[in-house]
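J.: Spelled out from the first residue to the last, the chains are:
2 protein chains.
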Amino acid sequence: MRRVVIIGFQSAGLTAAATARMVDREAKVTVIERRMYATYHPCGLPFAIGGDVPHIRHLVEAASKLPGVDVHIGTEAKAIDTDAKIVEIQDRKTLRKGKVPYDSLVIATGSLPLRPPIPGSDLSNVFTLRTMRDGEEILAALPRANKALVVGGGPIGLEAAAALRESGLETTLVEMQPNVLPWMLDPDMSEAVLDQLSRVGIPTILGKPVKELRGEKKVSSVVVGEEEIQADLVVLCTGVKPDIELAVSAGVELGTLGVIKVDDHLRTNIPDVYAAGDCVESSCFLTKRPILSQLATTAIRMGKIAGANAAGGDEVFPGVLNTIVSSAYGLEIAATGLTTRNARDAGIETIAGRIRTLNKPYFYPGAEPIIVKLIVKPKERRVIGGQVIGDGAAERVNMLAFAIKQNVTIDELARIEYCYAPPMSDCIEPLVVAAEAVLRRL
Amino acid sequence: MRRVVIIGFQSAGLTAAATARMVDREAKVTVIERRMYATYHPCGLPFAIGGDVPHIRHLVEAASKLPGVDVHIGTEAKAIDTDAKIVEIQDRKTLRKGKVPYDSLVIATGSLPLRPPIPGSDLSNVFTLRTMRDGEEILAALPRANKALVVGGGPIGLEAAAALRESGLETTLVEMQPNVLPWMLDPDMSEAVLDQLSRVGIPTILGKPVKELRGEKKVSSVVVGEEEIQADLVVLCTGVKPDIELAVSAGVELGTLGVIKVDDHLRTNIPDVYAAGDCVESSCFLTKRPILSQLATTAIRMGKIAGANAAGGDEVFPGVLNTIVSSAYGLEIAATGLTTRNARDAGIETIAGRIRTLNKPYFYPGAEPIIVKLIVKPKERRVIGGQVIGDGAAERVNMLAFAIKQNVTIDELARIEYCYAPPMSDCIEPLVVAAEAVLRRL
Numbered sequence: 000m001r002r003v004v005i006i007g008f009q010s011a012g013l014t015a016a017a018t019a020r021m022v023d024r025e026a027k028v029t030v031i032e033r034r035m036y037a038t039y040h041p042c043g044l045p046f047a048i049g050g051d052v053p054h055i056r057h058l059v060e061a062a063s064k065l066p067g068v069d070v071h072i073g074t075e076a077k078a079i080d081t082d083a084k085i086v087e088i089q090d091r092k093t094l095r096k097g098k099v100p101y102d103s104l105v106i107a108t109g110s111l112p113l114r115p116p117i118p119g120s121d122l123s124n125v126f127t128l129r130t131m132r133d134g135e136e137i138l139a140a141l142p143r144a145n146k147a148l149v150v151g152g153g154p155i156g157l158e159a160a161a162a163l164r165e166s167g168l169e170t171t172l173v174e175m176q177p178n179v180l181p182w183m184l185d186p187d188m189s190e191a192v193l194d195q196l197s198r199v200g201i202p203t204i205l206g207k208p209v210k211e212l213r214g215e216k217k218v219s220s221v222v223v224g225e226e227e228i229q230a231d232l233v234v235l236c237t238g239v240k241p242d243i244e245l246a247v248s249a250g251v252e253l254g255t256l257g258v259i260k261v262d263d264h265l266r267t268n269i270p271d272v273y274a275a276g277d278c279v280e281s282s283c284f285l286t287k288r289p290i291l292s293q294l295a296t297t298a299i300r301m302g303k304i305a306g307a308n309a310a311g312g313d314e315v316f317p318g319v320l321n322t323i324v325s326s327a328y329g330l331e332i333a334a335t336g337l338t339t340r341n342a343r344d345a346g347i348e349t350i351a352g353r354i355r356t357l358n359k360p361y362f363y364p365g366a367e368p369i370i371v372k373l374i375v376k377p378k379e380r381r382v383i384g385g386q387v388i389g390d391g392a393a394e395r396v397n398m399l400a401f402a403i404k405q406n407v408t409i410d411e412l413a414r415i416e417y418c419y420a421p422p423m424s425d426c427i428e429p430l431v432v433a434a435e436a437v438l439r440r441l
Numbered sequence: 000m001r002r003v004v005i006i007g008f009q010s011a012g013l014t015a016a017a018t019a020r021m022v023d024r025e026a027k028v029t030v031i032e033r034r035m036y037a038t039y040h041p042c043g044l045p046f047a048i049g050g051d052v053p054h055i056r057h058l059v060e061a062a063s064k065l066p067g068v069d070v071h072i073g074t075e076a077k078a079i080d081t082d083a084k085i086v087e088i089q090d091r092k093t094l095r096k097g098k099v100p101y102d103s104l105v106i107a108t109g110s111l112p113l114r115p116p117i118p119g120s121d122l123s124n125v126f127t128l129r130t131m132r133d134g135e136e137i138l139a140a141l142p143r144a145n146k147a148l149v150v151g152g153g154p155i156g157l158e159a160a161a162a163l164r165e166s167g168l169e170t171t172l173v174e175m176q177p178n179v180l181p182w183m184l185d186p187d188m189s190e191a192v193l194d195q196l197s198r199v200g201i202p203t204i205l206g207k208p209v210k211e212l213r214g215e216k217k218v219s220s221v222v223v224g225e226e227e228i229q230a231d232l233v234v235l236c237t238g239v240k241p242d243i244e245l246a247v248s249a250g251v252e253l254g255t256l257g258v259i260k261v262d263d264h265l266r267t268n269i270p271d272v273y274a275a276g277d278c279v280e281s282s283c284f285l286t287k288r289p290i291l292s293q294l295a296t297t298a299i300r301m302g303k304i305a306g307a308n309a310a311g312g313d314e315v316f317p318g319v320l321n322t323i324v325s326s327a328y329g330l331e332i333a334a335t336g337l338t339t340r341n342a343r344d345a346g347i348e349t350i351a352g353r354i355r356t357l358n359k360p361y362f363y364p365g366a367e368p369i370i371v372k373l374i375v376k377p378k379e380r381r382v383i384g385g386q387v388i389g390d391g392a393a394e395r396v397n398m399l400a401f402a403i404k405q406n407v408t409i410d411e412l413a414r415i416e417y418c419y420a421p422p423m424s425d426c427i428e429p430l431v432v433a434a435e436a437v438l439r440r441l
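Residue numbers (numbering that gives the first Met the number 0), protein chains in the order written: chain E, 0 to 441; chain U, 0 to 441.
What the hints contain is simulated information worked out from the structure, not anything from laboratory work. Where a beta carbon is used, it is the ideal one built from N, C-alpha and C, also for glycine. Hints may be right or wrong, so weigh each one.
[Unchecked claim] Over 10 Å on every C-beta distance to chain U, these chain E residues come out as not near it, computed from the model:
no. : residue
1   : Leu58
2   : Pro100
3   : Pro186
4   : Glu190
5   : Leu205
6   : Lys210
7   : Ser219
8   : Ile290
9   : Pro317
10  : Glu331
11  : Thr349
12  : Pro360
13  : Arg380
14  : Gln405
15  : Pro422
16  : Ser424
[Stated by the list, open to error] Computed from the model, here is a short list of chain U residues facing chain E with C-beta under 7 Å:
no. : residue
17  : His57
18  : Ala61
19  : Glu331
20  : Ala333
21  : Ala393
22  : Val396
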């Protein structure tokens, strides 16, 4: 009977456990999780703060529902003996120690909130937004807060700013790069996001670093560039820190980005030790360069591969396009593949087409603008990136991700078959309109 | 200067005209349209009747917005002299006749409302639902009607029934086949549509033919099977009749289904005469069998090919999957490719997987069920059909249509990359859940 042990019970670990059991019905699958609670949904935290999700505790899933999987919550993996193939554990409540032997191991330790080294970031009412505790503390602080400031204009920062605004706080969003969602959108596309933020009353400060948080015990202002901004609640959304300490002390090799290095089967350098999720380096499907993906969806897709292979399978992880969707106060923003900048950085020549049309026929009430930008390699005519803003952006970007992985040409994309009914869509699909815009420039 | 003449100014004709002009910027493009008004949106008619579209005249587009295209509204093409390459026309108001010479011609005459040969179908308050006049007459009849009956449980029948119900009429839907949407859904999927109709108070009578419409001058009842049902307003949604009279008299050859036969370049048997849209036979992309598609989206896709080729291009029409979406009182229903029955009729062995999940995470308010069914050829593991019911069905079916045309395996579909954010999607994409359900049965 194969013993599969998985360290970590978030997206990657949960999926790895379920997949391992499916691939080998006889396997004994054990999950070790340091948290005192089961799998939770960090991506739901901003929406719990904004009130869309009425009960923050609903973000925590009921305890293990996985048949045949033994889940140890509140249990710390202290060390991995890779020669003896044993994980040393300790129960965080009883402090009792134990040893869990494995035939194959999946490290899915994920990531931790990152508190950037800004002076004053240890003041009270300065939060990160990653754990259930983060969310609960922000919720508790809301009633006595008036002015919020969010540091970081990535997807979580954007959603956090919208949530605080929805909760009635004056909210400012600060991003060091000259644009919001700088890794996801080209500057021309992020303009539409800025318009939305401005419309809903969220001022933005772009291209300036946060230099200091000021206050006595509790934060009272933030120095951004040369400006001092009043704020009695600050949320730091500047990314996450991969949790690799255990792996490193077990001798697991890291990649150039400082996270766990794996091959295309998600094997680490140590025999029978796999890794998946936020603590693992991925590669860009297009450029093959190492990247940090750190998306729940990537963790799930990695968890499937690592779990299958740990249970005797032979599956390959193809790399990622970082297909992503975010919401700016109800505005749907999604992207996949390379932005113009990513492509330039990778030495790839591009041509782009951007269109703005309606998501429903002009005569149908509630028709809303949808903006689509496609990035294409002009010589091969291959689609390598897409950005969509508006209702239905998520599914359209999924389609583009699929098209990119299928290596389709922009000509093929302009000829896709799609469906039409006035309440759902227009008789010309926006992706087709965008593809034709590119074709006119080729 | 190439003279491209197009007969018909609906989806196919409009698109052919615009495309011809784009392919040959020097071409003189002339459109001849019998209707007294410009392009209109028949698919919008049910929603104008139901009141979602507040002004029915908004369904008619403003007169020609196509630069370089000469559009003659209210002009009948009386005959085509294929030797002299001339279309004989007549202005329907002034009755003045004329001749329009062409170098290439596109026949895009579309289809006409079909009034099935049921006794009593000429009674007043018995309508078809195809033209602007149909829509306006139904709207005018609504205030004095109480009980409506819709004949035909296809997409238009379903939308018409929902519209009449929304307008406050007691409405019954009758379909001769044992299921609604019989050409689009497998019976297990149409159950969900019946549930919805029942929930919103639209009784259905299935598997029984309409034998007679009764009444004195005005309809007062309908005999369905052995039952007589009171109805003072009847809408016949039993399909459309391809408008091929002009083509036939010009010697254009018809296919086995009795509509214009074309090759893969949409050429008819007559040199330099192309055809596109509802009056043309398509072929199923998968079985290569001739089918009647008669969708606006097919007409648009055909119009592009015919228009391009008429202007000197060399483009191939690949056949259709009949990708379609409809709405049953707000429930989104979409399908592409073969149903289990279509496949069986074509001698194709299939295996299917059907799943029901949520379109958003369980913790997000407003999460709604979504049902996905995938049809797969078990030996090749290729996806050949998909049916989706629920929010986002349209885009998902577009993705499936693309996957089918790319000849992907169910294994590839189970591994697609997708995006996740709680307000838009769940962390596991329903298409992936469905693909995994199929995999477990293979």
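J.: The structure should be examined with respect to each hint, and the outcome stated for every one.
T.: How the hints compare with the structure:
1. Chain U draws E:Leu58 into its interface by the beta-carbon criterion, the shortest separation being 6 Å against a cut-off of 10 Å.
2. Residue placement check: E:Pro100 keeps its beta carbon more than 10 Å from all beta carbons of chain U (closest about 30 Å).
3. At roughly 21 Å, the least C-beta separation between E:Pro186 and chain U is larger than 10 Å, which holds for a residue marked as non-interface.
4. For E:Glu190, the non-interface assignment is confirmed: its Cβ lies about 21 Å from the closest Cβ of chain U, beyond the 10 Å cut-off.
5. Once the 10 Å rule is applied to beta carbons, E:Leu205 is consistent with being away from chain U; the minimum gap is 22 Å.
6. Distance check on E:Lys210: its Cβ is at least 31 Å (rounded) from any Cβ of chain U, clearing the 10 Å threshold; non-interface status holds.
7. In this structure E:Ser219 is separated from chain U by more than 10 Å, as the shortest Cβ-Cβ distance comes to about 32 Å.
8. For E:Ile290, the non-interface assignment is confirmed: its Cβ lies about 13 Å from the closest Cβ of chain U, beyond the 10 Å cut-off.
9. A cut-off of 10 Å between C-beta atoms contradicts the statement that E:Pro317 is not in contact with chain U; the least separation is 8 Å.
10. The beta carbon of E:Glu331 sits about 6 Å from the closest Cβ of chain U, which is not more than 10 Å, so the claim that it is off the interface is violated.
11. No Cβ of chain U approaches the Cβ of E:Thr349 within 10 Å, the least distance being about 20 Å, so the stated non-interface status holds.
12. With a minimum CB-CB distance of about 6 Å to chain U, E:Pro360 fails to clear the 10 Å threshold, and the non-interface call is violated.
13. Consistency note on E:Arg380: stated as away from chain U, and its beta-carbon is indeed over 10 Å from all of that chain's, at 15 Å minimum.
14. Interface exclusion of E:Gln405 from chain U breaks down, the closest Cβ pair being 5 Å apart, not more than 10 Å.
15. A beta-carbon of chain U is positioned within 10 Å of the beta-carbon of E:Pro422; the least distance is around 5 Å.
16. With 10 Å as the threshold on Cβ separation, the claim that E:Ser424 sits away from chain U is violated: the shortest Cβ distance comes to roughly 5 Å.
17. The criterion of a C-beta within 7 Å of any C-beta in chain E is met by U:His57, whose closest approach is roughly 4 Å, and the hint holds.
18. Hint status for U:Ala61: violated, given a least beta-carbon distance of 10 Å to chain E, over 7 Å.
19. Because the beta carbon of U:Glu331 sits about 6 Å from the nearest beta carbon in chain E, less than 7 Å, this interface hint is met.
20. Here the hint on U:Ala333 is kept, as its CB sits about 6 Å from the closest CB of chain E, short of 7 Å.
21. Annotation: interface hint on U:Ala393 holds; nearest CB of chain E at approximately 5 Å, less than 7 Å.
22. Taking 7 Å as the C-beta cut-off, the interface hint given for U:Val396 holds, the closest approach to chain E being about 6 Å.
Going down the numbered hints, you'll see the structure goes against 1, 9, 10, 12, 14, 15, 16 and 18, while the others check out.
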